[in-house]
Every structure is written in C-alpha cells, then in structure tokens.
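Chemist: Each chain, letter by letter, is given below.
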Amino acid sequence: MKLHEYQAKEIFRRYHIRVPAGEVAGSVDKVIESARNINGPPWVVKAQVHAGGRGKAGGVRIADSLEQLKQAAKEILGRPLISEQTGPEGKRVTKLLIEEAVEIERELYLAMTIDRSKAEPVIIFSQVGGMDIEEVARVSPEQLMNEHIPFDMGWSPFVAKKLAYGLDPLPGPNTLKELTNIISRLYTVFMELDCSLAEINPLVTTKKGDVIALDAKINIDDNALFRRKAMADLDDPLEKEHLEREAAKYHLNYIKLDGNIGAMVNGAGLAMATMDLIKMAGAEPANFLDVGGGASEEMVTKGLEIILMDEKVKAIFINIFGGILRCDVLARGVLAAAEKTHIKVPVIVRLEGTNVEDGRKILEESDLKFMVAKDMNEAADLVTRAVSITV
Amino acid sequence: MSILVNEESRVLVQGITGNEGTFHTQQMVSYGTVVAAGVTPGKGGMKLDGIPVFNRVKDAVDNEGVNVSIIFVPPPFAADSILEAASAGIGVIVCITEGIPTLDMVRVASFIRSRGIVLIGPNCPGIISPGKTKVGIMPGPIHKPGTIGVISRSGTLTYEMVDQLTRAGLGQSTCIGIGGDPIIGTSFIDHLRRFHRDDTTEAVVLIGEIGGSAEEEAAEYIESEFNKPVFAFIAGQTAPPGKRMGHAGAIISGGQGKAEDKIAALERAGIRVIKNLGSLGETVKESI
Numbered sequence: 000m001k002l003h004e005y006q007a008k009e010i011f012r013r014y015h016i017r018v019p020a021g022e023v024a025g026s027v028d029k030v031i032e033s034a035r036n037i038n039g040p041p042w043v044v045k046a047q048v049h050a051g052g053r054g055k056a057g058g059v060r061i062a063d064s065l066e067q068l069k070q071a072a073k074e075i076l077g078r079p080l081i082s083e084q085t086g087p088e089g090k091r092v093t094k095l096l097i098e099e100a101v102e103i104e105r106e107l108y109l110a111m112t113i114d115r116s117k118a119e120p121v122i123i124f125s126q127v128g129g130m131d132i133e134e135v136a137r138v139s140p141e142q143l144m145n146e147h148i149p150f151d152m153g154w155s156p157f158v159a160k161k162l163a164y165g166l167d168p169l170p171g172p173n174t175l176k177e178l179t180n181i182i183s184r185l186y187t188v189f190m191e192l193d194c195s196l197a198e199i200n201p202l203v204t205t206k207k208g209d210v211i212a213l214d215a216k217i218n219i220d221d222n223a224l225f226r227r228k229a230m231a232d233l234d235d236p237l238e239k240e241h242l243e244r245e246a247a248k249y250h251l252n253y254i255k256l257d258g259n260i261g262a263m264v265n266g267a268g269l270a271m272a273t274m275d276l277i278k279m280a281g282a283e284p285a286n287f288l289d290v291g292g293g294a295s296e297e298m299v300t301k302g303l304e305i306i307l308m309d310e311k312v313k314a315i316f317i318n319i320f321g322g323i324l325r326c327d328v329l330a331r332g333v334l335a336a337a338e339k340t341h342i343k344v345p346v347i348v349r350l351e352g353t354n355v356e357d358g359r360k361i362l363e364e365s366d367l368k369f370m371v372a373k374d375m376n377e378a379a380d381l382v383t384r385a386v387s388i389t390v
Numbered sequence: 000m001s002i003l004v005n006e007e008s009r010v011l012v013q014g015i016t017g018n019e020g021t022f023h024t025q026q027m028v029s030y031g032t033v034v035a036a037g038v039t040p041g042k043g044g045m046k047l048d049g050i051p052v053f054n055r056v057k058d059a060v061d062n063e064g065v066n067v068s069i070i071f072v073p074p075p076f077a078a079d080s081i082l083e084a085a086s087a088g089i090g091v092i093v094c095i096t097e098g099i100p101t102l103d104m105v106r107v108a109s110f111i112r113s114r115g116i117v118l119i120g121p122n123c124p125g126i127i128s129p130g131k132t133k134v135g136i137m138p139g140p141i142h143k144p145g146t147i148g149v150i151s152r153s154g155t156l157t158y159e160m161v162d163q164l165t166r167a168g169l170g171q172s173t174c175i176g177i178g179g180d181p182i183i184g185t186s187f188i189d190h191l192r193r194f195h196r197d198d199t200t201e202a203v204v205l206i207g208e209i210g211g212s213a214e215e216e217a218a219e220y221i222e223s224e225f226n227k228p229v230f231a232f233i234a235g236q237t238a239p240p241g242k243r244m245g246h247a248g249a250i251i252s253g254g255q256g257k258a259e260d261k262i263a264a265l266e267r268a269g270i271r272v273i274k275n276l277g278s279l280g281e282t283v284k285e286s287i
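Which chain is which? The protein sequence lines are V and A, in order.
In terms of numbering that gives the first Met the number 0, the first sequence opens at residue 0 and continues consecutively.
In terms of numbering that gives the first Met the number 0, the second sequence opens at residue 0 and continues consecutively.
Simulated from the structure, these hints should not be mistaken for lab results.
Warning: the hint list may mix true and false statements.
[What the hints assert, rightly or not] Below 25 Å or equal to it, Euclidean Cα-Cα: the simulated DMTMM-like pairs (lysine to aspartate or glutamate) are:
1. Lys278/V <-> Glu259/A
2. Lys274/A <-> Asp257/V
3. Lys94/V <-> Glu83/V
4. Lys117/V <-> Glu216/A
5. Lys242/A <-> Asp380/V
6. Lys242/A <-> Asp234/V
7. Lys242/A <-> Glu141/V
8. Lys284/A <-> Asp374/V
9. Lys143/A <-> Glu201/A
10. Lys274/A <-> Glu283/V
11. Lys242/A <-> Glu245/V
12. Lys176/V <-> Glu191/V
13. Lys1/V <-> Glu22/V
14. Lys257/A <-> Glu83/V
15. Lys242/A <-> Asp232/V
16. Lys257/A <-> Glu141/V
17. Lys257/A <-> Glu283/V
18. Lys131/A <-> Asp198/A
19. Lys117/V <-> Glu215/A
20. Lys373/V <-> Glu285/A
21. Lys257/A <-> Glu134/V
22. Lys242/A <-> Glu377/V
23. Lys257/A <-> Asp131/V
24. Lys227/A <-> Glu266/A
25. Lys248/V <-> Asp309/V
26. Lys284/A <-> Glu377/V
27. Lys94/V <-> Asp232/V
28. Lys239/V <-> Glu304/V
29. Lys242/A <-> Asp257/V
30. Lys242/A <-> Glu88/V
31. Lys242/A <-> Glu119/V
32. Lys160/V <-> Glu146/V
33. Lys228/V <-> Asp79/A
34. Lys284/A <-> Asp380/V
35. Lys274/A <-> Asp374/V
36. Lys242/A <-> Glu83/V
37. Lys242/A <-> Asp221/V
None of these values were measured; they are calculated from a predicted model.
Same shape as in the complex, but just chain V (with noise of 0.2 Å):
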C-alpha cells in the first residue's frame, strides 16, 4: 500500500526525522489560508497523487506571491496530473502540499527497502540525489552504497557511519551526526511500521547544517496490514480506479487494464500467463483478475459482473483450472451471472482439472451461447476469432 507524501511526511515528523513545514488543502481559499501559517513566500506546491514523475508534469511549482500560488492552485486541483507512471488518462489532483521553501546546499538520496535474493533490508545511500535513482544506477553505479542489515546481527550505529562518511567531500560535523541519525530513524521507521519501501530523495542539507528530507514516500507491505491498523486507515481509496475498488470489496484480485478481451482466471501465474495468451492471439486483456485458487460461486459471479462493468470489454475469456475451486463450482457462479447481467458479449470458456466433465455439461445444457476450448491452442484461436469479430 503506497502512502501520500504528505503522510509519510507526518510519520517522519514523529519520528524526528526533518522535514519543511508544510499543511495540506484540498481547495484553492485553504491553499491560500495556509500559506498564512507557512514561511513564504516563495512556497513550494505539491500534487498529492501516487505517481513518479510529478515534477515533470507540472505537479510541483514554486509560487513567489500568494497571487502566483492561488493561479498554481487553480491549475492543479482538480484536474489530472498525467505523468509517465499514470497512463494517458493521468490521475485526478484533490489534495495539495504547501511547503515552505528550503534553501539546499546539497542533494542526497536514501531509501530502504528488502533485498529478495538475500532476504534482508538494505540502505541505499548515494550523494547524487534529486535524479531518477534508477538511473543513476544504470549511468553510475559506483555512486549507489548499499548496506545489507542481517537478522541476526540487527541495527547497529556504524552501519549509519559507514554510509555517511562516505560522501565526497564529507560534510560538517554537525550535519555528519544529523545525518547518521536520520539513517538509524529511517531504519526504524521501515521495521516498525512493517515497510516494503521507504524512501527520502532529496534528502537535503542546508548551509546552517541542517538535513531535511524534501520528499518522502513510504510503501507499506499489505501482508502487514493487519497488525499495522494506523496505516491501513491512511489508504485513500480515489487511488485506486473504481472497478478495483469494487473488486477489492469481494476480495477479488483485479486489476484494469486498457484493451477489450476480458479475463476471468484461478490463480495469478495462470491469470498473468492468460494475459499474455490473448496479447499473442493479437489482442489486448482489459483487465487481470485472479478469482484465486478457493473461489466460490458467489467470487465468479461478482467477477464476471466486474468484468462486465467495463464498457470496453467485447469478449469474455474465462480460463480455470480447477483444483480446490471445482469446475461445477465455477459453471453455476458464470451461469449466475449470466441471469443478472444481460451478457452480451462473446464468451470463450476453458475448463480443466477438477469435476471438468460436471462443469462442462453444466453450460452445455444451459441457455447461454458459450465457445468452449479444449486446451490453450484452441482457447487462443478462438480468441483471435472473437477480436477479428469485434474489430
């Protein structure tokens, strides 16, 4: 779950780790009223949307008079912010973050999140920040430290000291010490609040010494939501489009995408695997749903109304293999759905594994028109007759 930066700004201030004052409005007159209560001008105003690349879209301005913060406003709340992360149709603006302006001295970049392979968090600390760390890893490697923290031996302060003497050219001793506080914060931070990601680029110090994070992002792991209460609560569902949010209430796994074959899968290898079938037959899945591996009749019924939903759809592909979900199971969930929504649309189903020959007689015999495909080759022929169709 990916947290506002204003919010993962609140949970830096609690944990003493700097940042500029700031509040955040979700109008153009509570702009304005606090801009009253913040050090300006010049301001700094932030789109609150999850997405990269805010800057370049226009989503970050500095407003030197509030006559130039109240136009900054104007231009971003409300509308979409379309940056590279946010696909064409871009992510509507509702809050904004206005920051006192800070004056930089230099930019650095950290983060921590969990090496995979080694199964241990590491602290990235690099002297080049403010960039796309990303790329700064492809063009300069050699500039990215990493810190690997393994279990057993826990935190412990010289991995802070380790990281931050080895700036080119080293900073001032007060800074020095703010700034291997702030890595030891961060690392509690992300155990504590049980992170996938946790990340401040810029960190920033100043002329006076001190260090203060211009940014913040905070990805919490949803495996952990349950004992992390506080932080399930900081969602904001206006993040997630509306379909998924509907999904997300019968604990459907979907996710939208933005062709017109859709798809209704057990398990998400098979589901993404699907996806991949209907773009090699020549088309574009309109969505990924996983319904999962113990479904009920009611989850496919749902799902397949979810699909339904979606304007764009122009044909159905329904692809199970059944093992703890029965195929009867799935066959009586479709043909339910099938006598809420009137289905208009062509429907290719594939059925295997457990009780396939209950699952299949169960449509042959209702009223619905379906294809059905015995294995994946013909599932995939007959998807590519379905888009030659409907193109």
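Since the structure of chain V is already known, use the hints to place chain A on it.
Modeler: Only chain A this time, still in chain V's reference frame:
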C-alpha cells in the same frame, strides 16, 4: 528417484483441524501420502480420520517420527509455525499459507538458512513426487511418475504445465512450487542443484514470472553448472509496472523484474524459453 519427498516421508499437517487443513489432509491421504500426525494447539489427543493430533510439533516428532511438515496456518501465526517445525528438527517444511508479512519471513529465512532446513513456500502449492507422495494442494491425478523435474513460482499455472506434460506422455520426477512471495525459503537454484544430482531427472521445466531476479540468477547457475536440458516459461509479459499481479512477489518495480529481461537472460544461457502457453508439452516432447 525423486527429490526431497518420497514414499518414506512421514508427513505432519500443522493446522490440521482448520477447513483447508482437514480438506487437504484427506486429499493427500487418498493420494497415498503417509500423513502420520497433525498439530493444532488445544486439540491434542483427538483424532482426525484416525490421524493423531498433538498440541505441539515436538510431540508429533517424538511420537510419530514425522520428518516433513505442511503448514495450513493463517498468516499472523504462520511464521511462528514454521519456526516451531524447524526448532523441532523437521528438515523439510512446506508452507502453503498466503499473506505472511515480509519482515516475518526475513526472520524465518535467517533462522532456517543458518540451519540447513529446507522451506518450500510460503504462498505455494507444495511438492509432489508422483506415484510416491504428495505434500501439497495440487490435484493429484494430473501428475504421472517420470523423469521431468518441475520448479515453479506459481500454482494453477504449474497444474496447466504439468497437465500438458502428462498428456504428452511425459511423467515427472518431482514438481515443486517454490512460492509467489518476495521472500521464499528456497530458490530455483536450490532445487536445480538437487535435480542435478538426481539420476532419475532427465530434464527440468522452470516456470517463472515477473518480479525479482530469481530467473536471472537461475540462468547464470544453469549456464555454469547444470548439464540437463532446461525449458522455461515466464508469465507476465503484458503486466504493467508498479502493480502487484496477485502474488505479492509479482511486481515490476524500479525497472526490475520485467519478463523480457528474464527471457533474454534465460535464452542467453541457452535455455529454451516457451512463449506459447499451449505448446509446452509438445515442445518438451519433441526436444528430448
């Protein structure tokens, strides 16, 4: 032969009295698995279809000599269950549970790796040595004893591939689902090493997906040390970056974990990558 589990495996089911635990215990028993004991704290002393249930893993080890465990315990308690089995001296642990916090798995991985314990999963379908034993939730009848080793990050996609192999007349030595989470107990390489030493296994099928770099690491190992034919399939070529595709581990982040990079790494290592989901069975059959 087979790897890790066979007809001599004496299996313990942790969480045996829960819905899933009970259902799959019955499925495993009907496949021929020797389920020697179950554990549910507070239910010690009862029997489930004649299988003794204990309060503690230690009691199951002492009384029934179990040497493999399969875990069906809800996510908040699953890490604890893995550690209990490991502490009791069980050498092969299969964790089916999906949704264990990553930091719990950091702790678990550190403990089991330092003690040489084999953990399969979490968030996996388990392991089966066809005709011998099934320690997992996969449908038994699609498998057939034979010479192909299968290692996969997925569940139902593995069933699909195994079904194709069986239909093509190709049986399997052992099929392992290593799990779809970011941190899992064993990697492709761990099991490739075992298949390398296993005389029965003549070829291996790897089923990977987007996220992480396990496939790239496997490719490197295969190129330098593995001398049996390997076939691979990678799911998620059309997955958008930044979105978690069902499995917690299946996410393209920071430009890493893309299907195209994995396919390229595998092909560079001389591994045959199957692009068409429907043609795995035939392709393997034609090639060996």
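Chemist: Check each numbered hint from earlier against the structure, then list the numbers of those it violates in ascending order.
Modeler: Violated hints (numbers, rising): 5, 7, 22; every other hint is consistent with the structure.
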